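The residues making up each chain are set out below.
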Amino acid sequence: MSGRRLRRPRAWTTGIFVLAGLFFLVPMIAAFKFALVQTSNGKYGFNNFTQVVDSSSIRGPLITSLEIAGITAVIVLVLMVPTVVWVRLKLPRLSLLMEGVTILPIVIPPVVLAAGLIQLQGHAPSWMAGLFNSPVTALTPFYVVLALPFTYRALDTGVRAIDLHTMVDAARNLGANWPTLLWRVVLPNIKTAVLGAAFLAIAMVLGEVVIAEFLLYQTLPTEMVQLGQAQGGVSTALSLLTIWFTFLLLMGLSFLGSRRRGTTTRARFL
Amino acid sequence: MATTVAEQAAAPIGPAAHKRRGGRRVRGDWLGVVPFFAYVLVFMGLPLYEVLHGAFTNAHGGLTFSNFSATFDYAQYPAAFKSSIILSVWTAAVGAVFGTWLAAAVLTTSPRNPLRRIVSSASGVFAYFGGVPLAFFFIASLGTTGMVTLFLKNQLGIDLYAHGFTITSVFGIGLAYCYFQVPLMVILITPALEGLRPQWREAVQSLGGSQWSYLRHVALPVLAPSFLASLLVLFGNSFAAYATALALVNGTVSLVPSQIQATLNGNVLVGQTGVGLALGVEMIVVIAVVMVLYGAVQMWARRWQQ
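Which chain is which? The protein sequence lines are G and W, in order.
According to the working numbering, numbering within the first sequence proceeds without interruption in unit steps and concludes at 270.
According to the working numbering, numbering within the second sequence proceeds without interruption in unit steps and concludes at 1306.
Hints listed in this document are in silico derivations from the structure and should not be mistaken for laboratory results.
Here the structure is a predicted model, which is why all the values come from computation and not from measurement.
By construction, the Cβ of each residue, glycine as well, lies at the ideal position given by its N, Cα and C atoms.
Check before you lean on any hint, since a few could be wrong.
What the hints assert, rightly or not - Now the in silico label distances, taken between C-beta atoms and shown as ranges:
no., chain 1, residue 1, chain 2, residue 2, range
1, W, Lys1082, G, Val18, 27 to 37 Å
2, W, Ala1075, G, Leu22, 37 to 47 Å
3, W, His1217, G, Ile103, 53 to 63 Å
4, G, Val78, W, Lys1082, 36 to 46 Å
5, W, Asn1250, G, Phe245, 19 to 29 Å
6, W, Thr1145, G, Asp163, 39 to 49 Å
7, G, Gly100, W, Asn1058, 30 to 40 Å
8, G, Gly122, W, Ser1066, 37 to 47 Å
9, G, Ser57, W, Gly1164, 30 to 40 Å
10, G, Ala124, W, Lys1082, 33 to 43 Å
11, W, Ala1075, G, Gly60, 37 to 47 Å
12, G, Gly21, W, Asn1058, 49 to 59 Å
13, G, Val53, W, Thr1145, 20 to 30 Å
Next up, chain G with everything else stripped away, as it sits in the complex (with noise of 0.2 Å):
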């Protein structure tokens, strides 16, 4: 590892660092150049910026899309965490359906779920045909499914990390019932995996627009496509604090990810 670090740099890496920068960064600056010109004098300043949180229209689509990635989140570990625990500990055969399964919602396109959505809308059983009245019911289980590739791997990922049979054994031992041992035992152990897999939710949920689109509600990024059409300024401001957001999402994860073991315990995904 050393004799790598002393290693001078050389044409192909120097070449291709320059070549993504410009790729990557010219877009940006020229996005952040562009969000910078108020549409009310043509100077530059942070009016569009601004304009984000104060204006009326932005507010209620990114309150509803704020409440979405919550409740999202919370429910995607409701579910996964015991089940990813009890998967881990009772049937370690199932690990290659569930990694089969849970990655389907990345393989099949945003679009043909939306299109079954539009039907479902039309015609689902009376339980669930309350769901569609607002965005945040009718979004959010949905939204849980598409977290799912995200948070199964972040959390497989934590959990094989330590020890859990022993650890299940011992607090078993101790006269732990299965609730106590997940909540006081096996969840402050992987902690890290948790707190990864609900950002990871929460950044799924801002990026998400296609099935929003389809269903007529009204999300942070939906708002950010209609914007686009009359207010460029706002709409490419917006951009940048999504964007800005999930990378301090990303990067608060790849520290946590890091501090524990000194090691790069990343999730396998990212």
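On the provided structure of chain G, position chain W as indicated by the hints.
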């Protein structure tokens, strides 16, 4: 104190006890995964059932294949498939080549270099969560009044738009897709690149081989299966993607997802929903073929991962 005693007591008997328990209560153990599978069955299974059911049903509720034959009879649908596939092939190829190159360059830096963390986080953002914002970045740089467009025109005398370039064409959308294809490749290929052992390079060197012979006889053959598998994922990713195109052109481009949207909105003809759902089923078939190929390549790749 109690914990350490318990751990000591549990450690030797733990695995054996677990095996015995697993054998006896295996039926009860399945109950633990029921909530997960029930959830997936309802919230993923129902919409998928609706797609399949709708694709094979006519206006009167009878079984029909006319929706599928319609997707071949109207010229716009085969054309959309053709341009979607061409778009996916070239963006996957571009993404794979530059993504591998970038990932390899990042791995030559020190493991403590902050660049690594930044590239890996940024790759995650762009590859999975960027959809709509990427479209606006693209408009701000390469749109008619974009920064790069104006720079090329005013400083270098190259007028992109005079040569027929637009960001709302299929080619323009493809360029925007590269913003998530390259980072996705970085994420997918990095583990394979990390799997290249330094000893292999040293072995080649000590046998008098050059850098080129190391690449040609060791690195490339070892990486080939992972590269191919990632290429397939990139193809599927681009084929299924729609968010960026939606934000760029809002549903008026010859790509399969936007054709589906048009049929569902009743933009083409009222009552074409069945055709849209048939297109959806065909998309799944294409993706399924890609996944089968991916599985085959993965089996081949496993040879090197032992």
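Could you work out which of the previously given hints the structure breaks and list their numbers from low to high?
3, 6 and 8
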